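Participant: The opening position of the sequence shown corresponds to residue 3 in the working numbering, with each subsequent residue numbered one higher.
Please note that the accuracy of each hint is not assured.
[Claimed, not checked] Straight-line distance between alpha carbons at most 27 Å, and here's what the computed BS3-like set of lysine-lysine pairs gives:
id, residue 1, residue 2
1, Lys215, Lys451
2, Lys83, Lys210
3, Lys216, Lys294
4, Lys451, Lys79
5, Lys451, Lys219
6, Lys297, Lys83
7, Lys451, Lys361
8, Lys216, Lys79
9, Lys361, Lys150
10, Lys294, Lys210
11, Lys297, Lys216
12, Lys295, Lys361
13, Lys361, Lys294
14, Lys83, Lys216
15, Lys150, Lys79
16, Lys294, Lys79
17, Lys150, Lys293
18, Lys83, Lys361
19, Lys361, Lys293
20, Lys83, Lys219
21, Lys150, Lys297
22, Lys293, Lys216
23, Lys361, Lys216
24, Lys210, Lys297
[Said to hold, decoys possible] What follows is a list of derived Cβ distance ranges for each label pair:
id, residue 1, residue 2, range
25, Arg285, Ile207, 27 to 35 Å
26, Phe457, Glu148, 25 to 33 Å
27, Arg41, Asn248, 37 to 45 Å
If you're looking for bench data, these hints aren't it; they were derived computationally from the structure. In this text the structure is predicted, and so the values were computed from the model without any measurement. The beta-carbon is built from N, C-alpha and C at its ideal position, and this holds for glycine as well.
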Amino acid sequence: MKHAKKKEVSQGMKSAVVYTLASVFSRGLAFITVPIFTRLMTTSEMGTVNLFTTWQTMINVVVTLALTSGGYMVALKEFEKERNQYESSVLTLTSFSALACFVIYFINPSFWNSITGLDESLSLLMLFGFLFTPATDFWLARQRFEYKYVKAALVIIGSAVLASALSVAVVIMLHGTDNVAHGRLFANYSVLYVVAIILWFYTMIRGKVFISKKYWKFSLALSLPLIANSFAVQVFNAADRIMIGNMVGHSAVGIYGTLSSISMISTIVWGAINTSFIPFLYRNIDDDEGKKKIKDISIRLLFAYSLVCIGITYFAPEVVRIVATEEYYSAIYIMPPLAGGIFQIAISNMYSNVLLYHKKSSFIMISSIAAACTNVVLNAIFIPWMGYMSAAYTTLFAYFVLSGIQMFVSRRVHFRFVNGKETVYPDAIVLLISGGMTVVCLLALPLYKLYLIRFAIICLIFVVFLILFKKNKEMMSR
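Build the full structure now, drawing on both the sequences and the hints.
Facilitator: Following this line, the structure appears as structure tokens:
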């Protein structure tokens, strides 16, 4: 028994490390190409690319019925011996939904194009992706859940390399024409869609179950409440850019969106941590020994992630100078509040994972809608009054609303199931890390011109991170 558990932890650790490295490489590669794009594309063209990815991410949640969200992991545990059949069935469901989206769009294309600000070719590119990309999401999620990391890592890294290389080549070829933004988007997504199409057919052939009331009912019960939640989360990421585009212009979207992307570098780390932590959480949440591990490891991971966010914040001036041109540098002061908001996503994920485990996804929906509405209202007030940089601070406040509500609700829900006052995480320490991290990030604002002090703080953060990593590694080994 002990040997089996030790082997499982070992496999889990290997999987977590490989997925983290693959995700870091994939998204890091996208980040490395940013200096090329910012120098070959105008801020307006960068704005077009940002708008496309923003709308795609927002609409994807609705079209896929949020079936690729956290509820999928719960279903893999529920249908342990029927995973192939379940996977092909829910992929059929997302495909039907995507085809319905095609029909809705073609009823009045000009209407939808005027809303998104995208032309018909980009709209069709987006719709085509909705049909096939869920296959990639389902396949990768299952590989993570089953700790099968080799093939998944190859797909993640291979797709990233080919997509980035083709995008750069096309942008260089089209430089100076009016089709640079379109060329970049078509080049990038053509690679991703080829992979998705292959996995779509593979999933369907392997599962052979296309319509199943049992699978659809179970999945929709979990995912439908998550549509509002996932959509609200995307509103956080998208509302500021869309509202800046409407109130200020495409160039402002290009600048704000590019710096937002830089600040989102840390989510590469958190995304890998969270997707690997979820199976560990679900396997140990009902085990007395496992509960102690969850408390200890979750705090170590959260604190380590806070150091990553702080490090990026204090390095912001240098990063922006490397990645972008002088047009972007004046906006570096949005980096600290953006980093603080991004860290709240991590806290929100931790508590929403617990709510998902207890099949209470409706509470996630309520908290997300409340926070998203807060963000939109504050943006509508402050962007016209104080400029587009104020959107970073309104987003920070909205994320505090989200994580605060989810922490409170998660505690109450979990108490009902354990018949006591035992929490999944040490909440007081979570709050301490959250508040401390935000304050330290905002303290970077007056230090951006004080190089020596900033670099001393960065070195200190690096040393603390290494010490924490070493201690965490020793604990996991034991």
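Participant: Do the alpha carbons of Lys83 and Lys210 lie within 27 Å of each other, as the hint requires?
Facilitator: 15 Å, holds
Participant: Is the Cα-Cα distance between Lys451 and Lys361 27 Å or less?
Facilitator: 49 Å, violated
Participant: Verify the proposed pairing of Lys210 with Lys297, using a straight-line Cα cut of 27 Å.
Facilitator: Not satisfied, since the Cα-Cα distance of roughly 41 Å exceeds 27 Å.
Participant: So if I understand the rule, the pair passes when the alpha-carbon distance is 27 Å or less; does Lys294 with Lys210 pass?
Facilitator: 41 Å, violated
Participant: Would you check the hint for Lys361 and Lys216, treating anything up to 27 Å between C-alpha atoms as holding?
Facilitator: 16 Å, holds
Participant: Taking the beta carbons of Phe457 and Glu148, is their distance inside 25 to 33 Å?
Facilitator: Hint violated: Cβ distance 43 Å, outside 25 to 33 Å.
Participant: For the pair supplied as a hint, Lys294 and Lys79, is the alpha-carbon distance within the 27 Å limit?
Facilitator: 22 Å, holds
Participant: Regarding the pair Lys451 and Lys79, is the alpha-carbon distance no greater than 27 Å?
Facilitator: Measuring from Cα to Cα gives roughly 52 Å; hence the hint is violated.
Participant: Lys83 and Lys361: Cα distance at most 27 Å?
Facilitator: Holds, at about 20 Å.
Participant: CA of Lys216 to CA of Lys79, is that 27 Å or under?
Facilitator: 15 Å, holds
Participant: With a cut-off of 27 Å on the C-alpha distance, tell me whether Lys297 and Lys216 pass.
Facilitator: 35 Å, violated
Participant: What's the verdict on Lys293 and Lys216, does the C-alpha distance respect the 27 Å limit or exceed it?
Facilitator: 32 Å, violated
Figure legend: structure checked against the earlier numbered hints; hints not met, in rising order: 1, 3, 4, 5, 6, 7, 10, 11, 22, 24, 26, 27.
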